[in-house]
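Fit chain B to the given chain A structure using the hints.
Those sequence lines, one after another, are chains A and B.
Reminder that position 30 of the first sequence reads as 30 in the working numbering, one-by-one numbering, no gaps.
Reminder that position 83 of the second sequence reads as 83 in the working numbering, one-by-one numbering, no gaps.
Just so you know, the hints here were simulated from the structure itself, not pulled from any lab data.
The structure displayed is predicted, hence computed values, not measured ones.
The reader is advised that the hints may include incorrect statements.
Unchecked claim - Ranges between beta-carbon positions, derived for each pair: (1) B/Asp156 <-> A/Leu65: 49 to 59 angstroms; (2) B/Gly175 <-> A/Asp16: 15 to 25 angstroms; (3) B/His241 <-> A/Ala19: 38 to 48 angstroms; (4) A/Ala61 <-> B/Ala82: 37 to 47 angstroms.
Cβ atoms here follow ideal geometry from the backbone N, Cα and C, with glycine treated the same way.
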Amino acid sequence: MSAADTAEYRIAHLRDRLASEDIAELGIRIEQRGTSVMLYGTVASDDCRAEILRIAREELAGLPLREDLVVVCADAPDHPEELS
Amino acid sequence: MIRVAAVGDIHLGPGSAGTLRPAFESLHEQADLLLLAGDLTRHGTAEEGEVVAGEVAGLGIPVVAVLGNHDYQSDQEAEVAAALDRVGVTVLEGEGTVLNIRGARVGVAGTKGFGGGFAGRSGGEFGEPEMKDFIRYTRRCADGLRKSLTMLAEADCAVRIALTHYAPVPDTLAGEPLEIYPFLGSYLLAEAVDEGGADLAVHGHAHMGTEHGMTSEGVRVRNVAQPVIGRAFAVYHLPVHAGGAAAGGGGVKAGADAVGAH
Chain A
1 MSAADTAEYR
11 IAHLRDRLAS
21 EDIAELGIRI
31 EQRGTSVMLY
41 GTVASDDCRA
51 EILRIAREEL
61 AGLPLREDLV
71 VVCADAPDHP
81 EELS
Chain B
1 MIRVAAVGDI
11 HLGPGSAGTL
21 RPAFESLHEQ
31 ADLLLLAGDL
41 TRHGTAEEGE
51 VVAGEVAGLG
61 IPVVAVLGNH
71 DYQSDQEAEV
81 AAALDRVGVT
91 VLEGEGTVLN
101 IRGARVGVAG
111 TKGFGGGFAG
121 RSGGEFGEPE
131 MKDFIRYTRR
141 CADGLRKSLT
151 MLAEADCAVR
161 IALTHYAPVP
171 DTLAGEPLEI
181 YPFLGSYLLA
191 EAVDEGGADL
201 AVHGHAHMGT
211 EHGMTSEGVR
221 VRNVAQPVIG
231 RAFAVYHLPV
241 HAGGAAAGGG
251 GVKAGADAVG
261 AH
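Excised from the complex, chain A in its bound form (with noise of 0.2 angstroms):
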């Protein structure tokens, strides 16, 4: 099998090591977008979004990365909601 036809598979052991390693990280996406993986969400930090991308290069090696992670904004809000 070639590594697209295995992609899938690699897709998710990827999530299981996000999941299980120091990370921790189970509320981004990882999708087969064609021949590429796309990686998206919103993270807690720059060294979250930075970790999640080694382990992604390491675990999808060969494979082309796509991502599109952000890192959450902690600012207070500028307004509140009026619930009536």
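Positioned in the frame of chain A, the structure of chain B alone reads:
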């Protein structure tokens, strides 16, 4: 009017101490209480619990929390809860607490909750013992929530809020893959909210979900997972029902008037 601040899924650890504190410093100017909707830590260690406690200590308003699945990861959930308790945070699991906010009795009923899925597409108590245990655990969480909300009504609360980590409705999961909905929440929680009665239901857990939802009986549901609200916290203004205000004024420390529901 009661001003409710809420956030979940802040996933703090030793490296992230101080991340939310700047926003929290002025929280007392924007809100009367802060709700924490679970997944306060990354791995649920006692050390991470101390980081969370430092982040929410001395805010000048009551803080009420439930734990989330991440807070159970290291089997140290009791230590995480104890760290929060030491700085005055009321941690709820199958119980409620009554706060006296400017003369109004505000009740918060809390449980972590669990999964199982939503009406018509949910797991049931059938087959292997593991499957039965899964659903029975969710049912116990929901029963605790229902009883707590009922007791808050009997305690003459003018405003009642249901606080969970797992989602009571699928509305606020929109954006998550449909296949994982049974791991994100359960209709049993919504049924408990509707039967017990509440003015607002707040949850976290679903990072890719959306903020707004509603139960079948019209209770507003808000997913306050930090990645969803995109801020350090969200603020909701809730009206106080006429006739529900209690005599007396001044804030009562969170947890001073706790009611159990076991």
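Quick rundown of the hints versus the structure:
One distance hint, 49 to 59 angstroms for the beta-carbon pair B/Asp156 and A/Leu65, holds here, with the actual separation near 57 angstroms. Taking 15 to 25 angstroms as the suggested C-beta distance range, the pair B/Gly175 and A/Asp16 conforms, at roughly 22 angstroms. Remark: the range hint 38 to 48 angstroms for B/His241 to A/Ala19 is upheld by a beta-carbon distance near 43 angstroms. Between A/Ala61 and B/Ala82 the C-beta distance comes to about 43 angstroms, which sits within the given range of 37 to 47 angstroms.
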